[in-house]
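Trainee: The residues making up each chain are set out below.
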Amino acid sequence: MGKSEKSLLEKARNGDVSAFESLIEEYQKRVFNIAFRMIGNHDDASELAQEVFIRVFKSLKNFKEQSQFSTWIYRITTNVCLDELRKRKNRKVISLDSELELEDSKIRRQIEDDSPTPDIVAERNDLKRIIGAAVRQLSEEHRAVLVLRDYQGFTYEEISRQLDCPEGTIKSRLNRARLALRELLKDYKELLNSESVK
Amino acid sequence: MKECSEITEMFLDYLDDNVESSMKEMFEEHISTCEACKIELETVKSIMALCRETPEEELPENFKPDLHDKLLSAKEEIADKKPARLWHKYMKYGSSLVAGLLLIVVAQGLWSNIFSLPSKSMTENATIAQGANDTENKAVHSPEQSGEESLRSQSADAAFTAADQTQKTVGPVVPSGEGAAGQSIPESLPAAQKNAVENTAPPVPAPASAPAAMLKIEVPPDASSQSTSQTAPKATEKTSRGTQNPQLMFSAASAGCVVNNTSSISLTVETTEKAVEKINSYPFIIGVEGQVPAQTFGILSTEEKQTENSVILNVKVQNASYQEFINHLIMDFGPEHVKAGTVVPQDMTEAINEKMKNIETVDEDIAALEDGLRAPSPDEMEALQSEKEGMLAEISKIEEDAGFIQIELRINTKP
Numbered sequence: 000m001g002k003s004e005k006s007l008l009e010k011a012r013n014g015d016v017s018a019f020e021s022l023i024e025e026y027q028k029r030v031f032n033i034a035f036r037m038i039g040n041h042d043d044a045s046e047l048a049q050e051v052f053i054r055v056f057k058s059l060k061n062f063k064e065q066s067q068f069s070t071w072i073y074r075i076t077t078n079v080c081l082d083e084l085r086k087r088k089n090r091k092v093i094s095l096d097s098e099l100e101l102e103d104s105k106i107r108r109q110i111e112d113d114s115p116t117p118d119i120v121a122e123r124n125d126l127k128r129i130i131g132a133a134v135r136q137l138s139e140e141h142r143a144v145l146v147l148r149d150y151q152g153f154t155y156e157e158i159s160r161q162l163d164c165p166e167g168t169i170k171s172r173l174n175r176a177r178l179a180l181r182e183l184l185k186d187y188k189e190l191l192n193s194e195s196v197k
Numbered sequence: 000m001k002e003c004s005e006i007t008e009m010f011l012d013y014l015d016d017n018v019e020s021s022m023k024e025m026f027e028e029h030i031s032t033c034e035a036c037k038i039e040l041e042t043v044k045s046i047m048a049l050c051r052e053t054p055e056e057e058l059p060e061n062f063k064p065d066l067h068d069k070l071l072s073a074k075e076e077i078a079d080k081k082p083a084r085l086w087h088k089y090m091k092y093g094s095s096l097v098a099g100l101l102l103i104v105v106a107q108g109l110w111s112n113i114f115s116l117p118s119k120s121m122t123e124n125a126t127i128a129q130g131a132n133d134t135e136n137k138a139v140h141s142p143e144q145s146g147e148e149s150l151r152s153q154s155a156d157a158a159f160t161a162a163d164q165t166q167k168t169v170g171p172v173v174p175s176g177e178g179a180a181g182q183s184i185p186e187s188l189p190a191a192q193k194n195a196v197e198n199t200a201p202p203v204p205a206p207a208s209a210p211a212a213m214l215k216i217e218v219p220p221d222a223s224s225q226s227t228s229q230t231a232p233k234a235t236e237k238t239s240r241g242t243q244n245p246q247l248m249f250s251a252a253s254a255g256c257v258v259n260n261t262s263s264i265s266l267t268v269e270t271t272e273k274a275v276e277k278i279n280s281y282p283f284i285i286g287v288e289g290q291v292p293a294q295t296f297g298i299l300s301t302e303e304k305q306t307e308n309s310v311i312l313n314v315k316v317q318n319a320s321y322q323e324f325i326n327h328l329i330m331d332f333g334p335e336h337v338k339a340g341t342v343v344p345q346d347m348t349e350a351i352n353e354k355m356k357n358i359e360t361v362d363e364d365i366a367a368l369e370d371g372l373r374a375p376s377p378d379e380m381e382a383l384q385s386e387k388e389g390m391l392a393e394i395s396k397i398e399e400d401a402g403f404i405q406i407e408l409r410i411n412t413k414p
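Chains as they are written, first to last, in numbering that gives the first Met the number 0: chain G, 0 to 197; chain L, 0 to 414.
All clues stand as given, with none of them false.
Subject to a maximum C-alpha distance of 25 Å in a straight line, what follows is the list of computed SDA-like cross-link-like pairs (lysine to any residue): (1) G:LYS188 to L:ARG51; (2) G:LYS63 to G:ASP15; (3) L:LYS74 to G:GLU24; (4) L:LYS37 to L:ASP15; (5) L:LYS37 to L:ARG51; (6) G:LYS60 to L:PRO64; (7) L:LYS37 to G:SER171.
Hints are computed from structural coordinates only; laboratory data are not their basis.
Using the sequences plus the hints, can you model the full thing?
Mentor: The following block contains the structure:
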């Protein structure tokens with residue numbers, strides 16, 4: 000942590016909101032994107048990302064600087080998102096199977112009452128969005144590790160710190176997450192393979 | 000040749016280029032001959048590529064302004080939290096105290112014999128001492144005078160006569176957490192009583208550190224427990240903890256006497272409860288005293304002690320306003336029943352260390368939740384954070400005030 004960051008941190012600890020905003024400036028977009036990939040819609044991701052920063056602000060006095068500030072923020076981000084996913088799982092009352100038409104194929108997916116269906120349907124040609132929708136069908140742990148690695152490009156070491164898991168566990172979990180994603184996207188094999196040829 | 004399942008397990012390492020050369024050759028050989036695995040690998044590769052190529056989403060337009068408003072609210076919330084928690088804590092302990100006192104009264108089977116008390120049973124000890132560093136203030140210590148006389152008479156001499164002959168070190172000092180020096184005689188005392196205090200008590204040096212006042216409220220259950228000789232050993236037992244220190248002991252003849260009734264005091268469960276409620280309300284009535292806001296008052300601990308002839312309930316109250324506290328006791332219980340007592344300096348270190356240990360435990364819980372893969376629930380984390388902040392606030396108040404009032408409520412169980 001640089002001098003200016005330390006100074007901002009100290010001010011923020013004493014309740015200086017402006018200093019805190021400067022401190023988190025560089026993390027906001029990434030935190031929002033992690034939340035968006037994990038949750039799937041802009042409004043909820045925005046709420047969650049803000050919750051992350053509120054939690055960080057309230058907990059600043061407990062930040063012992065044993066880990067990097069960024070690692071701490073991303074760890075809280077993952078935790079907030081996992082919390083939300085678990086809450087959603089618990090409050091899911093009606094689960095209906097739907098066939099979502101995408102190009103010529105169909106992806107069988109479970110729709111939760113708060114899932115961002117319209118976006119996906121509206122942009123059916125966008126393979127990236129199809130993958131994004133499939134990612135949100137993964138288990139929380141698979142989703143977290145895949146978002147952090149394949150979307151955000153964190154190293155295994157960074158993810159290991161953020162999730163407080165050994166690197167070996169992260170790797171095997173990521174491999175399983177990718178294979179699970181591939182399984183979810185089996186109807187798009189041809190499309191995906193032609194994509195890889197490009 | 001490896002099985003397909005083994006090959007797929009190697010996808011990650013292969014794609015990360017983290018496979019030994021011999022294994023890599025074997026892997027590639029399998030892929031070249033197994034169409035299914037080849038397609039799988041290509042699919043995974045293209046998924047990874049698409050993920051990485053996915054452009055980042057821009058922050059929503061209102062993200063920063065909304066966050067700014069929320070941060071301001073969070074700041075206010077943090078600032079508002081301390082008093083609320085302390086109030087809550089006080090109320091929690093306060094209700095425990097009331098419940099505890101009632102339980103003691105009931106458990107000791109005092110229901111039947113506390114409804115009427117001969118007035119002479121409330122006359123045992125009657126001394127008041129004043130002035131922490133004020134060497135001019137003197138407390139009465141007149142063993143020759145009987146407590147009986149003091150109650151029957153409304154005179155200051157009688158009301159403030161020491162009957163506790165065993166208390167050789169009874170002194171005149173009123174302690175104070177916020178100002179041990181310069182304690183004055185309560186304004187509510189009659190002038191004659193003030194004179195009695197000033198003229199008769201020997202000067203006693205003030206304690207080095209901010210001490211605690213011990214207020215002793217004696218509640219004799221019946222007429223047979225009223226003699227001086229019976230109460231003297233109890234006073235000795237109490238003062239033995241602080242014989243090197245200036246002393247102050249207030250003794251009320253009846254905890255149930257919430258009015259200045261000096262002739263026919265009766266103790267009932269109902270009036271005892273009222274008395275306890277009154278004592279609990281003092282900190283809120285007193286309000287801001289010196290640098291101590293009303294919210295910092297709080298009963299910190301209760302300790303029950305069973306002796307051969309009585310049940311003693313010690314209540315330590317964080318309170319820098321000893322004098323005001325005492326004034327209220329005198330007003331509510333009657334000056335003639337408020338007697339000299341003992342100042343026992345309280346070691347704050349123990350209280351602080353105890354709270355620090357609790358904080359360490361909370362810290363461990365917080366760290367475990369924050370660091371674990373399993374995300375802590377927001378409620379759980381918030382509760383822990385609040386708990387910790389409350390403890391820290393209490394510790395800071397202990398350091399600032401550096402004093403406790405200790406109330407001893409003694410209920411005689413045997414004649």
